[in-house]
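Given the coordinates of chain L, assemble chains V, D and Y onto it according to the supplied hints.
Protein chains: 4
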Amino acid sequence: MGMTGVLRPGHAAIRVLDMKEATHFYGEVLGLIEVGRDSYGRVYYRAWDERDHHSIVLREADSAGIDFFGFKVDSVATLDRLEAETQAYGLKTSRVPAGDLLQTGERVRVEIVSGHTIELYAEKGKANSPQMVDNPPPWNSESERGIAPIRLDHALLYGPDIEKVQDYFVKVLGFYLTEQILMEDGKTQLAIWLACSNKAHDIAFVRHHEPNKLHHVSFLLDTWEKVLRAADIMSMNKISIDMGPTRHGVTRGTTIYAFDPSGNRFETFSGGYQTYPDWDPLTWTWDEVGAAVYYHDRALNPAFLEVVT
Amino acid sequence: MGMTGVLRPGHAAIRVLDMKEATHFYGEVLGLIEVGRDSYGRVYYRAWDERDHHSIVLREADSAGIDFFGFKVDSVATLDRLEAETQAYGLKTSRVPAGDLLQTGERVRVEIVSGHTIELYAEKGKANSPQMVDNPPPWNSESERGIAPIRLDHALLYGPDIEKVQDYFVKVLGFYLTEQILMEDGKTQLAIWLACSNKAHDIAFVRHHEPNKLHHVSFLLDTWEKVLRAADIMSMNKISIDMGPTRHGVTRGTTIYAFDPSGNRFETFSGGYQTYPDWDPLTWTWDEVGAAVYYHDRALNPAFLEVVT
Amino acid sequence: MGMTGVLRPGHAAIRVLDMKEATHFYGEVLGLIEVGRDSYGRVYYRAWDERDHHSIVLREADSAGIDFFGFKVDSVATLDRLEAETQAYGLKTSRVPAGDLLQTGERVRVEIVSGHTIELYAEKGKANSPQMVDNPPPWNSESERGIAPIRLDHALLYGPDIEKVQDYFVKVLGFYLTEQILMEDGKTQLAIWLACSNKAHDIAFVRHHEPNKLHHVSFLLDTWEKVLRAADIMSMNKISIDMGPTRHGVTRGTTIYAFDPSGNRFETFSGGYQTYPDWDPLTWTWDEVGAAVYYHDRALNPAFLEVVT
Amino acid sequence: MGMTGVLRPGHAAIRVLDMKEATHFYGEVLGLIEVGRDSYGRVYYRAWDERDHHSIVLREADSAGIDFFGFKVDSVATLDRLEAETQAYGLKTSRVPAGDLLQTGERVRVEIVSGHTIELYAEKGKANSPQMVDNPPPWNSESERGIAPIRLDHALLYGPDIEKVQDYFVKVLGFYLTEQILMEDGKTQLAIWLACSNKAHDIAFVRHHEPNKLHHVSFLLDTWEKVLRAADIMSMNKISIDMGPTRHGVTRGTTIYAFDPSGNRFETFSGGYQTYPDWDPLTWTWDEVGAAVYYHDRALNPAFLEVVT
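Residue numbers (the working numbering), protein chains in the order written: chain L, 4 to 312; chain V, 4 to 312; chain D, 4 to 312; chain Y, 4 to 312.
Chain L with its partners taken away, still in its complex shape (with noise of 0.2 Å):
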């Protein structure tokens, strides 16, 4: 009751080319706060207001994009449950066991049919912020290093047959629908967004030929205001923006998109609205697929619809 389940987006497993430019970007450009090393040589990060001990791990190979996005769910019984309902559904489940991930308990995996893999975890350590707990300050100077997103928020995904892992988010996750774009035949999804929350989206997936592909990783500002810094702070690093500053006609965001040193695309983003699951989704049509995607130019740039990883 309440908020139970799948309750967040807790970690994206990003794939960098070359981990020392990698971890220049994501700790001193982003302003993500390093918080352990692995022994496969993976680099953990936490954004300043997170609680958890990470969200973001970079694990450096020879190909951009995404190992894995996972979500923390209320308990171990929650856990199990959704495991044997994953599998129940018809969909392939593994187990990663516990510290394979740093402070983090075992995790399930599942392939979804667009080709990416989901994880789900019930445990995790504490960030160690404890200053953010009693007598808290609104913010700290970990808020003012390079770009210093809020936190991890959420995932846009690129693959085949969408409308399939809707169904699963929903019938099994407990997610719902809160926007969509269709296609011109009025029907066909182009593109979802998914929460299980009151955020406007926790996941969202576009239609695509290729399964298993990131278009981007975002990460949550607080005003349009730190918009415009992180922009100025990508042009004083010399990062390549792809879009934005620009708002988002779905979930009204106001946004940057731009891409680390390995070309994965990132967005910093701020605002959108808070929404509950009796409310009807937000439909785009076709005709206004632009100003869905970027509200002020109203028009796609080729970008979006082919540049992932």
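Just so you know, these hints were derived from the structure itself, not from any lab.
Among the clues, some could well be false.
[Said to hold, decoys possible] Below, in silico cross-link-like pairs of lysine-lysine (DSS-like), each with a Cα-Cα straight-line distance of 25 Å or less: (1) L:190 to L:167; (2) L:23 to L:216; (3) Y:95 to Y:129; (4) V:190 to L:129; (5) V:129 to L:190; (6) L:95 to L:129; (7) V:174 to V:190; (8) D:129 to Y:190; (9) D:174 to D:190.
Relative to chain L, chains V, D and Y alone:
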């Protein structure tokens, strides 16, 4: 799973001393949209971005204050279940027939130990704003008529035995404690903030010797700049401001407290954070109670503890 | 002493292809206040916070562009003196009689070497807004009707021989150079920004082979949040955006370039700094020309150099 | 012509009771950049976006307050001329030799009838910040160290005979009156705001029985969001806030008044408008004096009229 059970604050029924003054204030200055009047003379409003028929109900009476505060639940089955569980918990309930409030289904009333009347309901008509669902713009002309809050957000109520109130909201209604202020003894709660969502508060209580008192009903604004605009509009309309613009330590929200023409305090606020039930509640100690409430002044004004309706 | 001589940009006379479309745009979308029409069919506007009778004059014509750009000077004596000094400097001047523009005194016209017509005048009627002088509110309902800029701020003009234009504005009119972009040779100016005030620019020029071209007329907004609102309103009205919201490196201003229905570019901007004549001009080198114009993208879009009216 | 004569406020010399406390406050909390100390033990600061060597000079003394407030003029010739005209006007002047203040040329001191010492000077060393002149970024790391105002903006001084002060500033120094508050009689000025630029105030005076008193020295911030950040930093550092965040009716600026550790009031403000000498001064009547000063509360707090140093 995900968001279920109690979804959100759905209505506040406020007593006003003079309906003509009140409708000028709520309709023109606060900028809510009048959506109906009933045979009892009650006047109904919704905020521009709300999806349900109404959220504020005004009733003319000899004393100001709040008649009841209602929460929308996800289904009639949930309503029935929560009624039964409330009775089993030992609180008295009653049913108000469908249609007593315009476009609203049956309501279950609960008399909680702080003396307040809390309502639960599963059905309410939709707002007549289709343009906000299909290819919706991020805002419209109603967003700039008066103060124009986004929605009714929460209420802060004053009464005794708030630890028992918390116990009921947590055990039966599925809320969780997000923040608290402790008294000199380091144990007794002076104030509690409770959520059934990602919001930092859906309802809050302050310990007070008199039962059934209203401290404020709160309305959400989009940004700190809109808080400034709200304060400007209050001044232009000679609305009495109690405090602000300032920031709360609790919830980090930026805020103004002011009074409607009947003396009911209301809040227009922005900001804050999104929270989860697995997080530790933020705790403010007695020596920091000033900063907890008014972060900039670090001291309570006498009205905070004494002026209620 | 203090501020004397040429005080500020006072009017821009813009050619539009269709007056009905134009008045809808300037009056309802941009949100200027129509203050009069004259016997030539010209339509006059002022921005909500301007103190003079008008600042924008529209004339229907077969080609878009700017007829003239005028500056208010502090007295008739100054007007006479500047006319004489302009003639002595070697530029051709002419007089336009009082009343040719509504509520405007005699104007001195100067044909500058870039091909543009610059006007000077000492007398113009006051805006009919007494409520903004006695116990004035910080803003009023006109501030939220359409984009609602604060004022006409400056113009950017394209033409040849801009170093000679600078010489005239500095030596005769008392302007000073605030910023410049240099070409590949490190010497030739690609663009110059000139001020007669504390503003980062009262007029600016870009070197261009065709004379007498308009790049944009610019309107001031209060904040970056108002820039977002302006972009939203442009989208709602399907106004074609050229670039933005973004930041200029030059002046630090945050900005949108867009086109009126006749294809005249206009700018809505906010921010920037206040400057003084004893400061060194800020200088941008050729390798940073992209950042100078569009700070976030760090690259010019082709339209910047090519699309003028 | 254009901007000539007196250009801007250039320095404020403030007396502090304890230099160690003061340097912590001005350097770390307010976030000015320490640029030197002289043989008298005075400590010099500039704000991050200022172009001259320093703007604030602290001197340890037995009483708080202001020693002098200085204006930069455009040339030595102007300095000589203003000295002569001041003497001819009937005010006493004196010369302070070059080098008495670090990197500062000869200063002309004027004892004005309100009891304050006003200085004029033509020469001061440049700030050591070349990176802000060639391909300058819009801000840098100093912009986020402490409150980090953009510049010293103005001072508000308390003393008698302010109509005579106005007469001198207007007739000799070339200032103009931008706003005024009138007393009950509708004629006597309670307060005056004077500008030598486009700024709404370069200096201001309130009528007061004691001569030579400081109400506040004021520092400019970029935005209302930076005003919030300033208030947060004040709270984090337990700086005593007198009033705000709020808006002034006069100048429209958004503001906080607070006290340095010695009890000198300072202001951090943002916003306001740009004004011109040919505009009518804005006039506030006695019944609106509350709104003139504190636009939201519409009432003076007692400290405004009584607490000065």
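Structure-based check of each hint:
In summary, the hint linking residue 190 of chain L to residue 167 of chain L is supported, as the alpha carbons are separated by about 14 Å, within the 25 Å threshold. With a C-alpha separation of about 24 Å, the suggested pairing of residue 23 of chain L with residue 216 of chain L holds against the 25 Å cut-off. Note on residue 95 of chain Y and residue 129 of chain Y: the hinted pairing is violated, with a Cα-Cα distance of about 30 Å set against a maximum of 25 Å. Among the hinted pairs, residue 190 of chain V with residue 129 of chain L is consistent with the structure: their alpha-carbon atoms are about 24 Å apart, no more than 25 Å.
Restraint check: the Cα-Cα separation between residue 129 of chain V and residue 190 of chain L comes to about 24 Å, which is no more than 25 Å; the hinted pair holds. Proximity of residue 95 of chain L to residue 129 of chain L is assessed by CA-CA distance (about 30 Å); at most 25 Å being required, the pair is judged violated. At most 25 Å may separate the alpha-carbon atoms for a hinted pair to count; residue 174 of chain V and residue 190 of chain V meet this at roughly 20 Å. For the proposed pair residue 129 of chain D and residue 190 of chain Y, the alpha carbon gap of about 24 Å is at most 25 Å, so the pair holds.
Using a Cα cut-off of 25 Å, the hinted pair residue 174 of chain D and residue 190 of chain D holds, with the two alpha carbons roughly 20 Å apart.
The structure does not agree with the numbered hints 3 and 6 stated previously, though it agrees with the rest.
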